[in-house]
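A.B. asks: Dock chain B against the given chain A, drawing on the hints supplied.
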Amino acid sequence: MSFLHINNVHKRFGETHVLKGIDIAIEQGDFLVLVGPSGCGKSTLLNMIAGLDSISEGELLLDGRRINDVHPSRRDIAMVFQSYALYPSMTVAGNIGFGLEMRKVPRKQRREAIDRVAKLLQIENLLDRKPGQLSGGQRQRVAMGRALVRDPQLFLFDEPLSNLDAKLRVDMRTEIKQLHQRLGTTIVYVTHDQIEAMTLASRIAVMRGGELQQLGTPQAVYDDPNNLFVAGFMGSPSMNLVKARIVEQDGLPVAQVATDASTLTLPVVRDRNALRDWCDRDVILGLRPEAITDPASANHREGNIHEAELPVALVEPTGADLYVVTTLGGTHVNARMRPGTPLRPGERTRFAFDVSRMVVFDPESERRIRDERVTETTPIGETA
Amino acid sequence: MSAASFTARRGLATRAVLYAILALFAVVYLMPLYVMLTTSFKTLEEIHQGNMLALPGEWTLDPWREAWGSACIGLECNGVHGYFFNSIKIVVPAVLISGLLGAFNGYVLTKWKFRGHKIVFGLMLFSCFIPFQIILLPMARVLGILHLANSTGGLVLVHIVYGIGFTTLFFRNFYASFPDELVRAAQLDGAGFFTIFFRILLPASVPIIVVTIIWQFTNVWNDFLFGVSFASGDSAPITVALNNLVNSSTGVKAYNVNMAAAMVAAVPTLIVYILAGKYFLRGLMSGSVKG
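Taken in sequence, the protein lines are chains A and B.
Take the first sequence: its letter number 337 is residue 337 in this note's numbering, and every next letter is one higher.
Take the second sequence: its letter number 162 is residue 162 in this note's numbering, and every next letter is one higher.
Chain B extracted, bound-state conformation:
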């Protein structure tokens, strides 16, 4: 046997082992999703038979309908759909406003530098490292003063404030590698502060906009702590509703309904990732490495 083919065979063997391990991890990783999905399409009787990994013998959409429209959360039996739209009402303005503010901050911090811009950026960066739990009490007090307690509006504010640090970091790093000459050229052409931002920089920022949207959307949508602390009852986001649904102690545990509700809660983030995922890495890399 020649040395070359020996190494080739050894390469092949290594590769096989590698793929086997990767496949194993993939299976382990995907197993919960598989169980969730199959369970959500099963009837309760089938679940009680105990074979968790089996495909549904009889496919049914009833658990999904119930989760969406008639499952009991607390005292109301209207399903999760109301809370789903609560989450939408929180996520959309929170993502857009924090993103826009972050973009503005990044623009000013790189293209209209002022004395002390580094300190300002440092402080904003610092806000990324503040744990959620620390700000619960002061934030509750602030929301009370602003009369925003127990409302989706209050949650929007919390998420905007918490998000600005991250969005500013993203946009600042992205705009740091954006050529200054373009801004100068636009100035000579007669464009002002906002025109330069909206006409020159923002249209060239698609990758970082995608990153910001994914990041903010996932964080805000999946947030539980702020939701459970600052909004209750009808204004709660879906994560809180899901928790209440699963923890409702009346009657039999409807695993299929719980799974369907969990899937409903997870779908929007999945969609965002699938639609925008290919930009995500590209955007994360840009700005960090000049290229």
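Chain A extracted, bound-state conformation:
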């Protein structure tokens, strides 16, 4: 039995169907990130776990207990809100201790708990201040302290970093990750930022339009996306999605992509069995920018590197990398090369394609074309 089990959960506001049967199960100590564009229902799902929104249909189980109709305060859940939601008239200590006070914890124990959390979050010197006197980052810490002090079974974070400036956001992200590692707590975290999702999560649930697109480890979601949406949403710069045609060559399926001058043929390594059925049909190839490099940077050990000479359309140095844009199948394709590679737009250069990382999608259904197998990246609703 999993620790938190979201079982076929629906949410309807009148006529609008906001969540259309979500199935997610995580274990104790997991860091689940719900990620998706705004309006995908991730915050609604979080509020339903917290008990702030009712569940229209389905079941919510926490540690084997059905909590659908349990009052928010009795679910043993703490939440960090996007706006921090600090009580403006109370001091930091009062804010952190309020939950304990409501649970009738004696003053002395309360004080000890507040001090312990304040030390953990390094806000000891702020305990007597009011929220209005704190900076954004400090407020964020207090909001986390308020959740931590109660030592609940489950933590909920609702886009906690979206109100911070870019640098602070990265720092706090690291801190949340460290905190999770130290305390081993179970966390459900909502964000629209896929980088936050990748860095923090032990499990990512990608959502769109009230439906779960994929649930899996960050690496699995990144390398093995279920569909075009997940492929395009996760990763920055995003995955290159190129029109191609599958044809049979020497009894094996290969992908043919139109280049400026001719046709580029890329051997298919993954999902060969499934792709046999797709011969002479159009597909969409997905290739991460880091799977297209200069030949010297490519990982030749596996023998899955396929080289081709292509024109350079644009060069974008970021300092750490050099993104080289070329045209494949009628669209721009990003390749990640070593910085300092002397390239100018209009030149031709050799690109190395790591075809072992290539994924293929059905352009109609936008689903991944993959070999039949049960993997952890499949939503549990489909395997159960």
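Please note that a few of the clues may not be correct.
[As the list claims (entries may be wrong)] For lysine to any residue, the following SDA-like pairs were computed, each having C-alpha atoms within a straight-line distance of at most 25 Å:
1. 111/B to 167/A
2. 108/A to 124/B
3. 113/B to 69/A
4. 130/A to 89/B
5. 130/A to 279/B
6. 111/B to 102/A
7. 253/B to 121/B
8. 113/B to 54/A
9. 130/A to 278/B
10. 113/B to 14/A
11. 167/A to 113/A
12. 111/B to 53/A
13. 113/B to 10/A
14. 111/B to 55/A
15. 20/A to 64/A
16. 111/B to 64/A
17. 111/B to 89/A
18. 130/A to 195/B
19. 111/B to 46/A
20. 118/B to 52/A
21. 111/B to 94/A
22. 113/B to 108/A
23. 113/B to 263/A
24. 111/B to 132/A
25. 278/B to 89/A
26. 130/A to 179/B
27. 104/A to 278/B
28. 89/B to 140/B
29. 111/B to 83/A
30. 104/A to 198/B
31. 243/A to 313/A
32. 89/B to 268/B
33. 108/A to 192/B
34. 113/B to 124/B
35. 113/B to 75/A
36. 113/B to 70/A
37. 113/B to 12/A
38. 130/A to 193/B
Just so you know, these hints were derived from the structure itself, not from any lab.
Everything numeric in this text was worked out from a predicted model, so none of it was measured.
C.D. replies: Positioned in the frame of chain A, the structure of chain B alone reads:
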């Protein structure tokens, strides 16, 4: 002459005219207060000499003492002090109770919305537009049924009922911009309906509390119509007593005593404004404009 200095001079001239007009209005506006104050410190003989604007030749506190303790109102000659305390007895509970009820209404109407909350609020808002005169007769009947006629208690009830519309409007608008997430956070922390109100919302409501107190205090304290209709004799508020004092027709008109009594009647509202005035505008603006 350069264009810049020309505009500067023109600006100065406009400003001078502006200030002159403002000063004139201020003088006109303050004149009655000045006359009231100086007259209240004059002896009757000095008043009869006729120079209304002159400062008192001989300052005296006797008119104030008389107004407070021995002036004749109707048949009793105990001054206005008893009626002053009547007004206090009416104003304090009326302001506190109507304010608290308004705060509760605002809290429920914004944070615990129920089906039809907009209609309920609309009806309460409508009560702000009902003229006093319309409800005199039905209210007299209600007070009679409740055995509250001719008592300060009855007046307290009238003012609470009449005030709830306004106090609800104030608090609802204020709490509409109060973040819902705070209420949700408090719910998760285990706070209930009343705890959330008293511990989270109310301490953050100082500006609107001040507005409500000023508004309600001034209205209730200055009320004459309800006072004269629903309370008479010993239970009358000071506004009614002042009217009776000034209209008493026995003997010479003691203008100085009348003025002193009028000042006594005006002082509490003045004090409330002076103490809380700076919050007043701030509070009126908050809630109406999200900021």
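A.B. asks: Hints first: check each against the structure and report whether it holds.
C.D. replies: Do the hints match the structure? See the list:
1. 111/B to 167/A: The given pair, whose Cα atoms are some 35 Å apart, is violated under the 25 Å limit.
2. 108/A to 124/B: 46 Å, violated
3. 113/B to 69/A: 20 Å, holds
4. 130/A to 89/B: 37 Å, violated
5. 130/A to 279/B: 21 Å, holds
6. 111/B to 102/A: Answer holds: residue 111/B to residue 102/A is near 20 Å, not above 25 Å.
7. 253/B to 121/B: 50 Å, violated
8. 113/B to 54/A: Judged against 25 Å, a Cα distance of about 15 Å means the pair holds.
9. 130/A to 278/B: 23 Å, holds
10. 113/B to 14/A: 16 Å, holds
11. 167/A to 113/A: 30 Å, violated
12. 111/B to 53/A: At roughly 14 Å apart (the allowed maximum being 25 Å), residue 53/A and residue 111/B satisfy the hint.
13. 113/B to 10/A: Distance of about 23 Å is within 25 Å: holds.
14. 111/B to 55/A: With a Cα-Cα distance of about 20 Å, the restraint between residue 111/B and residue 55/A holds, given a limit of 25 Å.
15. 20/A to 64/A: The given pair, whose Cα atoms are some 23 Å apart, holds under the 25 Å limit.
16. 111/B to 64/A: Violated - the C-alpha atoms of residue 64/A and residue 111/B are around 32 Å apart, more than 25 Å.
17. 111/B to 89/A: Judged against 25 Å, a Cα distance of about 18 Å means the pair holds.
18. 130/A to 195/B: 20 Å, holds
19. 111/B to 46/A: This hinted pair holds, its Cα atoms lying about 20 Å apart.
20. 118/B to 52/A: 22 Å, holds
21. 111/B to 94/A: 22 Å, holds
22. 113/B to 108/A: Not OK: residue 113/B and residue 108/A at ~38 Å, beyond 25 Å, violated.
23. 113/B to 263/A: 64 Å, violated
24. 111/B to 132/A: Since the Cα atoms of residue 111/B and residue 132/A sit roughly 22 Å apart, the hinted pair holds (cutoff 25 Å).
25. 278/B to 89/A: 20 Å, holds
26. 130/A to 179/B: Holds: residue 130/A and residue 179/B sit about 17 Å apart, inside 25 Å.
27. 104/A to 278/B: 39 Å, violated
28. 89/B to 140/B: 20 Å, holds
29. 111/B to 83/A: 17 Å, holds
30. 104/A to 198/B: 17 Å, holds
31. 243/A to 313/A: 18 Å, holds
32. 89/B to 268/B: 13 Å, holds
33. 108/A to 192/B: Holds - the C-alpha atoms of residue 192/B and residue 108/A are around 23 Å apart, at most 25 Å.
34. 113/B to 124/B: 15 Å, holds
35. 113/B to 75/A: 23 Å, holds
36. 113/B to 70/A: With a Cα-Cα distance of about 21 Å, the restraint between residue 113/B and residue 70/A holds, given a limit of 25 Å.
37. 113/B to 12/A: 18 Å, holds
38. 130/A to 193/B: Satisfied, since the Cα-Cα distance of roughly 23 Å is no more than 25 Å.
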